[in-house]
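With the hints as constraints, model all of the structure from the sequences given.
Chain order of the listed sequences is D and A. So for the first sequence, numbering that gives the first Met the number 0 puts the first residue at 0; every next one is plus one. So for the second sequence, numbering that gives the first Met the number 0 puts the first residue at 0; every next one is plus one.
Everything labelled a hint here was simulated from the structure, so no lab data went into it. Heads up, a few of these hints could be off.
[Said to hold, decoys possible] Quick list of simulated restraints, FRET-style, between CB atoms:
1. A:F106 with D:R340: 47 to 53 Å
2. D:N314 with A:R117: 33 to 39 Å
3. A:L148 with D:F26: 23 to 29 Å
4. A:L144 with D:R228: 24 to 30 Å
5. D:K212 with A:G231: 49 to 55 Å
6. D:E323 with A:Q271: 17 to 23 Å
7. D:R340 with A:A200: 37 to 43 Å
8. A:T270 with D:D320: 15 to 21 Å
9. D:N314 with A:I10: 53 to 59 Å
[To be verified] Some chain D residues flagged as far from chain A (calculated, every beta-carbon gap over 10 Å):
10. A27
11. I35
12. G156
[Stated by the list, open to error] Once the Cα atoms are required to be at most 27 Å apart in a straight line, the calculated DSS-like pairs of lysine-lysine come out as:
13. A:K119 with D:K115
14. A:K119 with D:K121
15. A:K119 with D:K289
16. A:K212 with A:K289
17. D:K149 with A:K314
18. A:K289 with D:K121
19. A:K119 with A:K212
20. A:K4 with A:K289
21. D:K121 with D:K212
22. D:K121 with D:K289
23. A:K314 with D:K160
Where is the CB? At the ideal position from N, CA and C, for every residue including glycine.
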Amino acid sequence: MNRLKQFITDFGWPRIIIALFLISLFFAAPFVDVRIDTSFSDLFNRFGMNAVLVLAMVPMVQSGCGLNFGLPLGVIAGLLGSTLSIEMGMTGTAGFAMAIAIACLFAMVLGYGYGKLLNRVKGDEMMIATYVGFSSVAFMSILWLLLPFKSPTMVWGFAGKGLRTTISLEGFWSHILNDFLAFRIGENFVFPTGMILFFAVICLLVWSFMHTKTGTALTAVGSNPEFARASGIDVNRMRTISVVFSTMLGAVGILVYQQSFGFIQLYNAPFYMAFPAVAAILLGGASVNKASMVNVIVGTLLFQGILTMTPSVINSVLKTDMSEVIRIIVSNGMILYALTRRTKVSK
Amino acid sequence: MNQSKTTRFLINNAVTILFVILSIMSIPLSGYSLPYLFQEILTRLGRNMFLVLSLLIPIIAGMGLNFGIVLGAMAGQIGLILVSDWNILGMQGILLAAIIGTPISVFLGWICGSVMNRAKGREMVTSYILGFFIDGLYQLVVLYLMGSLIPVLNRALVLSRGYGIRNAVNLVGIRQVLDNLLPLQIAGVRIPLATYLVIAALCLFIVWFRKTKLGQDLRAVGQDMGTAEAAGIPVERTRIIAIIISTVLACYGQIIFLQNLGTLNTYNSHTQTGMFAIAALLIGGASVVKATIPNAFIGVILFHLLFIVSPMAGKELVGSAQIGEYFRQFISFGIIAVALVLHAWRRRNEAEQSRSLLRGGGARQEGQSRTAGIKED
Numbered sequence: 000m001n002r003l004k005q006f007i008t009d010f011g012w013p014r015i016i017i018a019l020f021l022i023s024l025f026f027a028a029p030f031v032d033v034r035i036d037t038s039f040s041d042l043f044n045r046f047g048m049n050a051v052l053v054l055a056m057v058p059m060v061q062s063g064c065g066l067n068f069g070l071p072l073g074v075i076a077g078l079l080g081s082t083l084s085i086e087m088g089m090t091g092t093a094g095f096a097m098a099i100a101i102a103c104l105f106a107m108v109l110g111y112g113y114g115k116l117l118n119r120v121k122g123d124e125m126m127i128a129t130y131v132g133f134s135s136v137a138f139m140s141i142l143w144l145l146l147p148f149k150s151p152t153m154v155w156g157f158a159g160k161g162l163r164t165t166i167s168l169e170g171f172w173s174h175i176l177n178d179f180l181a182f183r184i185g186e187n188f189v190f191p192t193g194m195i196l197f198f199a200v201i202c203l204l205v206w207s208f209m210h211t212k213t214g215t216a217l218t219a220v221g222s223n224p225e226f227a228r229a230s231g232i233d234v235n236r237m238r239t240i241s242v243v244f245s246t247m248l249g250a251v252g253i254l255v256y257q258q259s260f261g262f263i264q265l266y267n268a269p270f271y272m273a274f275p276a277v278a279a280i281l282l283g284g285a286s287v288n289k290a291s292m293v294n295v296i297v298g299t300l301l302f303q304g305i306l307t308m309t310p311s312v313i314n315s316v317l318k319t320d321m322s323e324v325i326r327i328i329v330s331n332g333m334i335l336y337a338l339t340r341r342t343k344v345s346k
Numbered sequence: 000m001n002q003s004k005t006t007r008f009l010i011n012n013a014v015t016i017l018f019v020i021l022s023i024m025s026i027p028l029s030g031y032s033l034p035y036l037f038q039e040i041l042t043r044l045g046r047n048m049f050l051v052l053s054l055l056i057p058i059i060a061g062m063g064l065n066f067g068i069v070l071g072a073m074a075g076q077i078g079l080i081l082v083s084d085w086n087i088l089g090m091q092g093i094l095l096a097a098i099i100g101t102p103i104s105v106f107l108g109w110i111c112g113s114v115m116n117r118a119k120g121r122e123m124v125t126s127y128i129l130g131f132f133i134d135g136l137y138q139l140v141v142l143y144l145m146g147s148l149i150p151v152l153n154r155a156l157v158l159s160r161g162y163g164i165r166n167a168v169n170l171v172g173i174r175q176v177l178d179n180l181l182p183l184q185i186a187g188v189r190i191p192l193a194t195y196l197v198i199a200a201l202c203l204f205i206v207w208f209r210k211t212k213l214g215q216d217l218r219a220v221g222q223d224m225g226t227a228e229a230a231g232i233p234v235e236r237t238r239i240i241a242i243i244i245s246t247v248l249a250c251y252g253q254i255i256f257l258q259n260l261g262t263l264n265t266y267n268s269h270t271q272t273g274m275f276a277i278a279a280l281l282i283g284g285a286s287v288v289k290a291t292i293p294n295a296f297i298g299v300i301l302f303h304l305l306f307i308v309s310p311m312a313g314k315e316l317v318g319s320a321q322i323g324e325y326f327r328q329f330i331s332f333g334i335i336a337v338a339l340v341l342h343a344w345r346r347r348n349e350a351e352q353s354r355s356l357l358r359g360g361g362a363r364q365e366g367q368s369r370t371a372g373i374k375e376d
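In structure tokens:
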């Protein structure tokens, strides 16, 4: 009994409630004519789309920089990568690889500056990150209009300049990861093998990085900066590394998202990209300064599960679309819960 | 000394000065006439000033910029929806909306204050997220419960599916009622005198409030929670009261804002409230720890001047009004980011200096006197 209690406190009530809610949705699905196989197919697809973005939280959380509300910065690097790659006329795998390369380059530069900034504002990272993210999105909106892009698939047809709000990836690298080794079971279930594999590889990369000397030092900085400094770790350098790494992951994350979605979304689209990712990793059991791969996987599955199942199941039961409201309440409720947890924050 | 005083003035007011320059540059570019701009500014001052002033009290209490004023805004909107449903017109409508909004905003303010007490040191980000969370609940109530559980008589307010409030509510019954209560027109410029009187009353209230026992307690809490606690001030309770006052004021502020506009965007009107009010206050030279009524006043004028001018200036300058719009967006986000960074920076410098003093430093005399100067302000 005590062990059960301990488990519940460790796991946290909100998580248990949401997990139970999700399970009950799956059980309820057949009774309201929602196909389980389609739901699972959707779930895996969404999982693959978002998991890397969620993963982008891990390095910064581990190094004590807090939740990465500045994710839009990484997203911008990703957008630059994909638009420039299209501008160069690259398609297919080469185009996707080029997009990743360019995106990582931009992410490194942006992440470096961002990391330097965050080092000067220790303790206030989250709020500042939010607004740095927002203002850079607004700034990029100006640039999207002004940058001299030429590719006819991307610029507005009638004006001949300025990028469109959504750019189709059809004919470039739409679904390039999704379709790689994808297999179909039955009529409605498709498993996006390539995308999941890609996530697994990146996950492995992050995991092994976290277990190198640098990665361990990074975690030490997050757990106790004073102690880390005393043992000769350059705290600021470690924090900068983690921010650069997070930003790069964010850039790759949005590219994975785009290829599955099939479109590049510019202008205001990156504004609220950070919130679902933050909510997902917290849902997976991370706290403000502790996060692991398991948190990422569990959190993304739970969060995307809710997003997949509520529109179909709840709508069939109540005959209304409440999914948006549920999404807002669940995701922000989760962030609030993490911010206000008094105990075990410094676990 | 004299020279350093000027430098300090320039540094402390860099943001405001930058905005003055920016506005002066873009006014001729936009091609608007001065009387037109003057009229617009007067209108917008009446529309927004109350909301901006509602931010002041939590700043005194050391709780930073209260992004939670959106909670008050939502409470005000619920009041307005109900009033327009019951078809109560004129000043009675506005007063009734305020009366309905008050208990809701007291309750929400209490929640906000309690949540912030659990997240000391990160009040801002917490109140910011809380705004989104309560927005979800607000949508649940307005979009699903109103018209189904909560009776709505006026079918024109309800979505065609039978429940939930429409996207736009026409506040025709109370449109500019307060603004036109005491009509005043000088040389073709309309002045919403009654609104200004309400704002002046609020200013007086804030000045008076600072001098009361509670106001002094708030300031003590804002300076140092530990010391305040030791001096017998109930810190948590005082902080909650500060947030409740702010939320209630924001509720009234939103009602004033919307009676001027005349239409309520049920699901959008409140979302930008907090950000615009905060950006305006910061542009007026306020910081996270210090804000005055003149800050609010100057800030609203400058921010909204840029609001009016920038789309046209953008169009003239680069041939696209959209760029001006994005530029304005960039400015409002950027200004908050810069203000937060400056604040964090300054605080960290102070902490480092006090630490180096502890270590028997004293090597950084010059820096130390600068810190003292900041505290003096």
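Hints, one by one, checked against the model:
For A:F106 and D:R340, the Cβ-Cβ distance of about 23 Å falls outside the hinted range of 47 to 53 Å, so the restraint is violated. Separated by about 35 Å at the C-beta atoms, D:N314 and A:R117 satisfy the suggested range of 33 to 39 Å. Roughly 27 Å separates the CB atoms of A:L148 and D:F26, a value that falls within the hinted 23 to 29 Å. Separation of A:L144 from D:R228 is about 53 Å and departs from the stated range, judged on CB atoms against 24 to 30 Å.
Remark: the range hint 49 to 55 Å for D:K212 to A:G231 is upheld by a beta-carbon distance near 52 Å. Here the CB-CB span from D:E323 to A:Q271 is close to 19 Å, well matched to the stated 17 to 23 Å. The hinted range of 37 to 43 Å is satisfied by D:R340 and A:A200, whose Cβ atoms lie roughly 41 Å apart. Distance hint for A:T270 and D:D320: a CB-CB separation of about 20 Å, consistent with the stated range 15 to 21 Å.
The beta-carbon spacing between D:N314 and A:I10, approximately 56 Å, falls within the hinted interval of 53 to 59 Å. No Cβ of chain A comes within 10 Å of the Cβ of D:A27; the nearest lies about 19 Å off, and the non-interface call holds. Against chain A, the non-interface label of D:I35 holds: every CB pair exceeds 10 Å, the least being about 27 Å. Distance check for D:G156 against chain A: the nearest CB is about 16 Å away, which clears 10 Å, and the non-interface claim stands.
Of the pairs offered as hints, the one joining A:K119 and D:K115 holds, with about 25 Å between alpha carbons and a cut-off of 27 Å not exceeded. At most 27 Å may separate the alpha-carbon atoms for a hinted pair to count; A:K119 and D:K121 meet this at roughly 15 Å. Distance restraint check for A:K119 and D:K289: the Cα-Cα separation of roughly 19 Å lies within the 27 Å cut-off, and the hinted pair is therefore satisfied. Between A:K212 and A:K289 the alpha-carbon distance is near 19 Å, which keeps this suggested pair within the 27 Å criterion.
For the hint pairing D:K149 with A:K314, the CA-to-CA distance comes to about 22 Å; that is within 27 Å, so the pair holds. For the hint linking A:K289 to D:K121, the alpha-carbon distance of about 20 Å falls within 27 Å, and the restraint holds. Under the criterion of a C-alpha separation no larger than 27 Å, the hint pairing A:K119 with A:K212 is consistent with the structure, at around 23 Å. At roughly 19 Å between alpha-carbon atoms, A:K4 and A:K289 fall within 27 Å of each other, so this suggested pair holds.
For the suggested pair D:K121 and D:K212, the alpha carbons sit about 24 Å apart, so the restraint of at most 27 Å is met. Annotation: proposed proximity of D:K121 to D:K289 holds, straight-line Cα distance about 17 Å (limit 27 Å). With a C-alpha separation of about 15 Å, the suggested pairing of A:K314 with D:K160 holds against the 27 Å cut-off.
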